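A.B. asks: Residues per chain are reported as follows:
There are 2 protein chains.
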Amino acid sequence: MKEIKGFKFAGIHCGIKKEKKDLGLIYCETGATCVGVFTKNKFASPTIPSSKQILSQNNNVLNCVIVNSGNANCLTGAEGMKNINSVLASLNAELNLKENSSLTLSTGIIGKPLQVDTIKKGINKLVLSLTENVDDFVKAIMTTDTFEKVAYKTITIDGQAVNILGVTKGSGMIQPNMATMLAFIMTDANVDAKTLQETLNYSVDSSFNAITVDSDSSTNDTCLLLSSNTGVKINNNNVKAFKAAVKEVSVELAKLIIRDGEGATKFITININNASSEIEAKNIFYSIANSPLVKTAIFGENPNFGRILSSAGKIQSNIDPDKTTLWLGEYLLYENGSITNQDKPVLDQYMKNKEINITLDLHLGDACVTGWTSDLSHDYVQINADYN
Amino acid sequence: MKEIKGFKFAGIHCGIKKEKKDLGLIYCETGATCVGVFTKNKFASPTIPSSKQILSQNNNVLNCVIVNSGNANCLTGAEGMKNINSVLASLNAELNLKENSSLTLSTGIIGKPLQVDTIKKGINKLVLSLTENVDDFVKAIMTTDTFEKVAYKTITIDGQAVNILGVTKGSGMIQPNMATMLAFIMTDANVDAKTLQETLNYSVDSSFNAITVDSDSSTNDTCLLLSSNTGVKINNNNVKAFKAAVKEVSVELAKLIIRDGEGATKFITININNASSEIEAKNIFYSIANSPLVKTAIFGENPNFGRILSSAGKIQSNIDPDKTTLWLGEYLLYENGSITNQDKPVLDQYMKNKEINITLDLHLGDACVTGWTSDLSHDYVQINADYN
Numbered sequence: 525m526k527e528i529k530g531f532k533f534a535g536i537h538c539g540i541k542k543e544k545k546d547l548g549l550i551y552c553e554t555g556a557t558c559v560g561v562f563t564k565n566k567f568a569s570p571t572i573p574s575s576k577q578i579l580s581q582n583n584n585v586l587n588c589v590i591v592n593s594g595n596a597n598c599l600t601g602a603e604g605m606k607n608i609n610s611v612l613a614s615l616n617a618e619l620n621l622k623e624n625s626s627l628t629l630s631t632g633i634i635g636k637p638l639q640v641d642t643i644k645k646g647i648n649k650l651v652l653s654l655t656e657n658v659d660d661f662v663k664a665i666m667t668t669d670t671f672e673k674v675a676y677k678t679i680t681i682d683g684q685a686v687n688i689l690g691v692t693k694g695s696g697m698i699q700p701n702m703a704t705m706l707a708f709i710m711t712d713a714n715v716d717a718k719t720l721q722e723t724l725n726y727s728v729d730s731s732f733n734a735i736t737v738d739s740d741s742s743t744n745d746t747c748l749l750l751s752s753n754t755g756v757k758i759n760n761n762n763v764k765a766f767k768a769a770v771k772e773v774s775v776e777l778a779k780l781i782i783r784d785g786e787g788a789t790k791f792i793t794i795n796i797n798n799a800s801s802e803i804e805a806k807n808i809f810y811s812i813a814n815s816p817l818v819k820t821a822i823f824g825e826n827p828n829f830g831r832i833l834s835s836a837g838k839i840q841s842n843i844d845p846d847k848t849t850l851w852l853g854e855y856l857l858y859e860n861g862s863i864t865n866q867d868k869p870v871l872d873q874y875m876k877n878k879e880i881n882i883t884l885d886l887h888l889g890d891a892c893v894t895g896w897t898s899d900l901s902h903d904y905v906q907i908n909a910d911y912n
Numbered sequence: 525m526k527e528i529k530g531f532k533f534a535g536i537h538c539g540i541k542k543e544k545k546d547l548g549l550i551y552c553e554t555g556a557t558c559v560g561v562f563t564k565n566k567f568a569s570p571t572i573p574s575s576k577q578i579l580s581q582n583n584n585v586l587n588c589v590i591v592n593s594g595n596a597n598c599l600t601g602a603e604g605m606k607n608i609n610s611v612l613a614s615l616n617a618e619l620n621l622k623e624n625s626s627l628t629l630s631t632g633i634i635g636k637p638l639q640v641d642t643i644k645k646g647i648n649k650l651v652l653s654l655t656e657n658v659d660d661f662v663k664a665i666m667t668t669d670t671f672e673k674v675a676y677k678t679i680t681i682d683g684q685a686v687n688i689l690g691v692t693k694g695s696g697m698i699q700p701n702m703a704t705m706l707a708f709i710m711t712d713a714n715v716d717a718k719t720l721q722e723t724l725n726y727s728v729d730s731s732f733n734a735i736t737v738d739s740d741s742s743t744n745d746t747c748l749l750l751s752s753n754t755g756v757k758i759n760n761n762n763v764k765a766f767k768a769a770v771k772e773v774s775v776e777l778a779k780l781i782i783r784d785g786e787g788a789t790k791f792i793t794i795n796i797n798n799a800s801s802e803i804e805a806k807n808i809f810y811s812i813a814n815s816p817l818v819k820t821a822i823f824g825e826n827p828n829f830g831r832i833l834s835s836a837g838k839i840q841s842n843i844d845p846d847k848t849t850l851w852l853g854e855y856l857l858y859e860n861g862s863i864t865n866q867d868k869p870v871l872d873q874y875m876k877n878k879e880i881n882i883t884l885d886l887h888l889g890d891a892c893v894t895g896w897t898s899d900l901s902h903d904y905v906q907i908n909a910d911y912n
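Residue numbers (our numbering), protein chains in the order written: chain A, 525 to 912; chain B, 525 to 912.
It should be emphasised that the hints constitute simulated quantities derived from the structure, not laboratory data. Note that the structure is a prediction, hence the values are computed from the model and not measured. Certain hints may be false.
[To be verified] Think about it this way: if two alpha-carbon atoms lie no more than 25 Å apart in a straight line, the pair counts; the simulated SDA-like pairs of lysine to any residue are:
1) Lys-806(A) x Pro-845(B)
2) Lys-847(B) x Glu-603(A)
3) Lys-806(B) x Pro-845(B)
[What the hints assert, rightly or not] Estimated spans, in silico, between C-beta atoms of each pair:
4) Asn-860(B) x Asp-910(A): 46 to 54 Å
5) Gln-873(B) x Lys-645(A): 33 to 41 Å
6) Asn-648(B) x Tyr-855(A): 34 to 42 Å
7) Asn-759(A) x Asp-872(B): 28 to 36 Å
[Claimed, not checked] Here chain B is said to cover these stretches of chain A; the calculated rule only asks that three of the stretch's residues, wherever they fall, bring their Cβ under 8 Å from a Cβ of chain B:
8) 594-602
9) 831-838
Glycine included, every Cβ here is placed at the ideal spot set by N, Cα and C.
Construct the complete structure from the given sequences, taking the supplied hints into account.
C.D. replies: See the structure below:
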């Protein structure tokens, strides 16, 4: 079950990549309400200002999102923006849509001219492939991803089913700064743009904005939330349940990205508990999760937990070493300023798990953050030494 | 010529490591003036507060610095401090020194109890090994370093030779936050503590505080500057030349650390030119230099320069993509918001160099920062997956 009322999808090979699918389409014939969050990278792809402008000019109503993989159309200047407009004009013409009915996003290598003619030639085939099933679309947006990332949830609101379908792609250059690489969350609920934007902001904060593979925020990060408005009306009385369900789908997608982080062999959950503020907890989370020494130790199944504390301690914070406790899974490792557990065989055994849980309790306040990351392996180095 | 008037050195194997030297001593019989800069890591080793206290209690006069490698004596709480005092009492007794005449520093693995008895048993042998030559001391402070790091400079001030000898060790957990891992700079000039501290602060800012291997600031970072005061008096008229010489030695040591960064195959110089402030230039330097995607691309000899801009753009700054230019060596890669050079064979050839130069010119102001880093290789992953 990967369908959602009001939306159709397509994914084809147009020729940017050698063989794999590289062009995808989300289509809502009646016009979906659409909101987004976008990368804050200063060298953002021209797809970012273009998408923001289109959403604003069309009052957040949209028929199409066309996405290519294999080329990020980034650092491409005026030519990049011209190519966007050219792709969108072809798509709108193909579907008899008026201006500003579609937006386009790109993912792949940075700094190469977009293969605009290749894409335009593929548009007719793309439109003819539209179907209720999202599978081909998901394949078409993948880059170094090794599996497809889909999350689906149905909740009941006012006696009616509300469906939420989310799809995303990773899996390097991942430390989203307000949105992820590319994620698309669709619902059939009837939601106004303002509520939709609030829901999206609320959801990304503890999902896409709580993960990191390699600390590198992409130039193309975009997360869109679209409603086909075919179902139940979301209002003040039921919005809480709706937000919770969208957040749940977002967290599931974010975790899938980490599971497929480039070269990942471990899935690492980091809890920063009882910090003095949420922002401080988040900063400490990132400092641990991005530490190459922590990540390589976990790859090596090496309980070198001193590195966890060292990486937590290297940034400005209110951390008090004497109040802090550190847990690896259920094992207390550090308390009252010193080591409490040196049972190496037990810890060595724990490190063999595919899922590693780290909990740092600061005992300073009541802000808690949970985030996810992957380890740093030979495969990460190899993938990124070769990628071009 | 690795001697300096007023100082003696020793380095022996005491038994912390299996075979290699692991205990070193710097000795100034007449009492050296000594100032330091220390890690800001919240989980600092007890050697840090201990050293600060001793320097303050003895008005920055010191006879001995004893250093062990193989164990950082960190996350060791009250026991760690007790062990420091025990080592220092033994050393002071051995040399008939009064309290607060010596300080001790440690480097190596975090979170293991210090082998205090092993060290104390080695002290007699250590003292008997004292010589004018610094070589054994340098060997004794090494951890994953693959070569010894020494810099020496002689300048003439008021017609007299002033000698400056610096030694240091790296080579992982390297993004010093005001001092490096361990560095010792000695001079025979006659300098008061205040001038010495100013000189040290000035020198570390553009040397040890402008390098990164892996973004991880150590818990034990310490840089000491010691003067035996046997030579020319430093005063307002000649202090500029003295500061410049100490800075030159510091930069040389910092660059040696990067050349020996864990797993390093490339030596990367990054110039951030014409930024709106020095702090912004430094932040952009670190954002590029710590980017796993930039570091793996350089390891792979892959001119994937989009990653350089992406990593520069991912942090808050005043960067204007339309004003920014990017140079790889002498090749202009990016200008006026887009790519200017796609001559892949030429860039591929450049990437084969052992020394890579990146220059990002922001055209915003007049702040310029130069820093150094290494690449991210399979060997880095292997070294740190195994280290325990």
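A.B. asks: Evaluate each hint against the coordinates.
C.D. replies: Status of each hint after checking the structure:
With a C-alpha separation of about 28 Å, the suggested pair Lys-806(A) and Pro-845(B) falls outside the 25 Å cut-off, and the hint is violated. Annotation: proposed proximity of Lys-847(B) to Glu-603(A) holds, straight-line Cα distance about 17 Å (limit 25 Å). Pair hint Lys-806(B) plus Pro-845(B) holds up; C-alpha atoms about 18 Å apart against a cutoff of 25 Å. Checked against the given bound of 46 to 54 Å, the beta carbons of Asn-860(B) and Asp-910(A), roughly 30 Å apart, lie outside it.
At roughly 35 Å, the beta carbons of Gln-873(B) and Lys-645(A) sit within the given window of 33 to 41 Å. In this structure the supplied range 34 to 42 Å holds for Asn-648(B) paired with Tyr-855(A), their Cβ-Cβ distance being about 41 Å. Between Asn-759(A) and Asp-872(B) the C-beta distance comes to about 60 Å, which lies outside the given range of 28 to 36 Å. Here's how the region 594-602 of chain A fares: 6 of its residues keep a CB closer than 8 Å to some CB of chain B, so the rule of at least three is met and the hint holds.
Counting residues of the region 831-838 of chain A whose C-beta sits closer than 8 Å to any C-beta of chain B gives 7, which meets the bar of three, so the coverage hint holds.
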